Amino acid sequence: MPFAPVFRSEWLKIRTVRSLLATLFVLFAVTTAFSALAGLDPEDPGADPLFTALSGTTLGQIAALTFGSLAVSAEYRESAAVRLSLTAVPRRGLWFAAKAAAIASVVLAVALVTCLAAQLAGLAVLGAAADGLTTADQVRGVLGGAVYLTLMALFAAGLATLLRSGVATLSVLIPFILIVSFVVGDALGAVVDFLPDRAGQTVLRGEPDGTLGPWTGLAVTACWTAAALLAGAWRLRRRDA
Amino acid sequence: MTSIDVRDLTKEYGTARAVDHLTFTVPPGRVTGFLGPNGAGKSTTMRLVLGLDHPTSGSAGLGGRPYASLRDPLRRVGALLDAGAAHGSRTGRDHLRVLAATHRIPDRRVDEVLEETGLGPAARRRARTYSLGMRQRLGIAAALLGDPEVVMLDEPSNGLDPEGIVWIRGLLRRLADDGRTVLVSSHLMTETAAFADHLVILGRGRLLADTSVREFIDARVRPAVRVRTSDPDALENALARHGHRAVRHPDGHWSVPDARVDDIGRLASAEGVPLLELAADEGTLEQAYLDLTAADTEFAAQPQEA
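Residue numbers (our numbering), protein chains in the order written: chain A, 3 to 243; chain B, 130 to 435.
Everything labelled a hint here was simulated from the structure, so no lab data went into it.
Predicted model, so just to flag it, every value in this text is computed and none were measured.
Hints are supplied without guarantee of correctness; some may be wrong.
[To be verified] Cβ pair distances, simulated, as ranges:
no., chain 1, residue 1, chain 2, residue 2, range
1, B, PRO250, A, VAL169, 43 to 51 Å
2, A, PHE5, B, GLY217, 42 to 50 Å
3, B, SER218, A, ALA126, 33 to 41 Å
4, A, PRO177, B, ARG298, 52 to 60 Å
5, A, ALA233, B, ASP201, 27 to 35 Å
6, A, VAL169, B, GLU244, 36 to 44 Å
7, B, ASP387, A, ARG237, 55 to 63 Å
8, B, ARG254, A, SER173, 29 to 37 Å
9, B, PRO250, A, ALA126, 30 to 38 Å
10, B, GLU141, A, PRO177, 32 to 40 Å
11, B, GLY288, A, LEU122, 52 to 60 Å
Each residue gets a CB set at the ideal place from its N, CA and C atoms; glycine is no exception.
Between the sequences and the hints, there should be enough to build the whole structure, so can you do that?
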């Protein structure tokens, strides 16, 4: 079976479910709004202006995770729509690749617009405080932020395929990102730099201060995502649908 | 045309054996009823044929090939497994368009099957607003989408109204007359006998019978005829003269054991007895099926002697 029609089918699946489109809108709105609000906060004058201008992504990523897990868990709700999907596309690896590609393209497109809007809004609010940023930093922030959000959506999609449940996926990921990484994280030292969310977020920093550079950090997140997708694919291929 | 081939198929879930060394073939050109009590392994067998579950041993395929090796599966096989498979917030039409897209089936064909299954007016409504009967029709529409040569439906008349049941009988007949392979599961014998030409009967995952409906009836059903008349005395006399012992029931109908509709009809006509009703007694058909499946259960439940 060729890839293109299966990809089109998966893209149609996303386009025809309102709650998925709503999640993408939330991704845009939350990221942009919180990036702008962060620039208003005068508390921390030494803050990284690039990260401040894109800081909405730390909340927006929850929408990206939700999107990734919902797009997969729609197959496992009620009475296993996945069986019908795999009847149409019995080659499970092909089917999963098409689904991941559809999720990635949709999130990447929305995230590029979102990060651009967030950065424009954030920099406008920061005003003179952002003067030190180069154009290269800004381009890296927008592109890197968009790729980061896409990787997080795929990370959730892989995990949701492994667990066959969106609720289970989100109840693992959201506390992990809000508590482990945000709160407990700083007590763990350098290890925390390699957690899936913290590693990738280095791409949003003007002056990365940890072990990882911006692109190597993003590559670490990409490894986490690849691992989650492979685990999902393994489960999908091995087990009864 | 393609047949469904099941060869020594076994499927275990943990220690429970859902399908037990099952072998049968469903040839094209006739409607095969797939019968068995709930839990007999009918749905499991269908999932194994579609490659959704992996067999413990044995094989299931189409024309000797595994389902997963088909290049354009929806154009070869149409299946209804579960009427609830449509996402509630997608419209019926979008549900079919998503499936159609995988095989580059045009929207025109989607609208055709929606019309054919009577869902035209509801096509643009969300699936969660559908009744169970409408979901069944949507599932059948999905099975017909690729104009497949093999059609496999799991309990398609579940939730259908009487008009829907009549419609599905006609549909199954048309599909078989086109030369397609049609396998339809049910747990009701009388319902199945009304549309099937051939029966494959399962009990506890094992094959109990693989026979034509006619043979099954001839071999297992003690024929009986149900008659009503406006002239009971004339009927009784006429039957007695031809050696039939009729039993009169309190509600006014008569049953004639060991007789066929053809014989009693001709007899009544020749004797000039007015008939209000003349029918084969279907209760006995259901009974024969229950005897068959119950015998298997009893046998399996008995302690095994070494």
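Now for the hints, and whether the structure bears them out:
no., hint, verdict
1, B/PRO250 x A/VAL169: 43 to 51 Å, "35 Å, violated"
2, A/PHE5 x B/GLY217: 42 to 50 Å, "28 Å, violated"
3, B/SER218 x A/ALA126: 33 to 41 Å, "37 Å, holds"
4, A/PRO177 x B/ARG298: 52 to 60 Å, "54 Å, holds"
5, A/ALA233 x B/ASP201: 27 to 35 Å, "30 Å, holds"
6, A/VAL169 x B/GLU244: 36 to 44 Å, "38 Å, holds"
7, B/ASP387 x A/ARG237: 55 to 63 Å, "59 Å, holds"
8, B/ARG254 x A/SER173: 29 to 37 Å, "33 Å, holds"
9, B/PRO250 x A/ALA126: 30 to 38 Å, "52 Å, violated"
10, B/GLU141 x A/PRO177: 32 to 40 Å, "38 Å, holds"
11, B/GLY288 x A/LEU122: 52 to 60 Å, "54 Å, holds"
Comparing the model with each numbered hint stated earlier shows that hints 1, 2, 9 do not hold.
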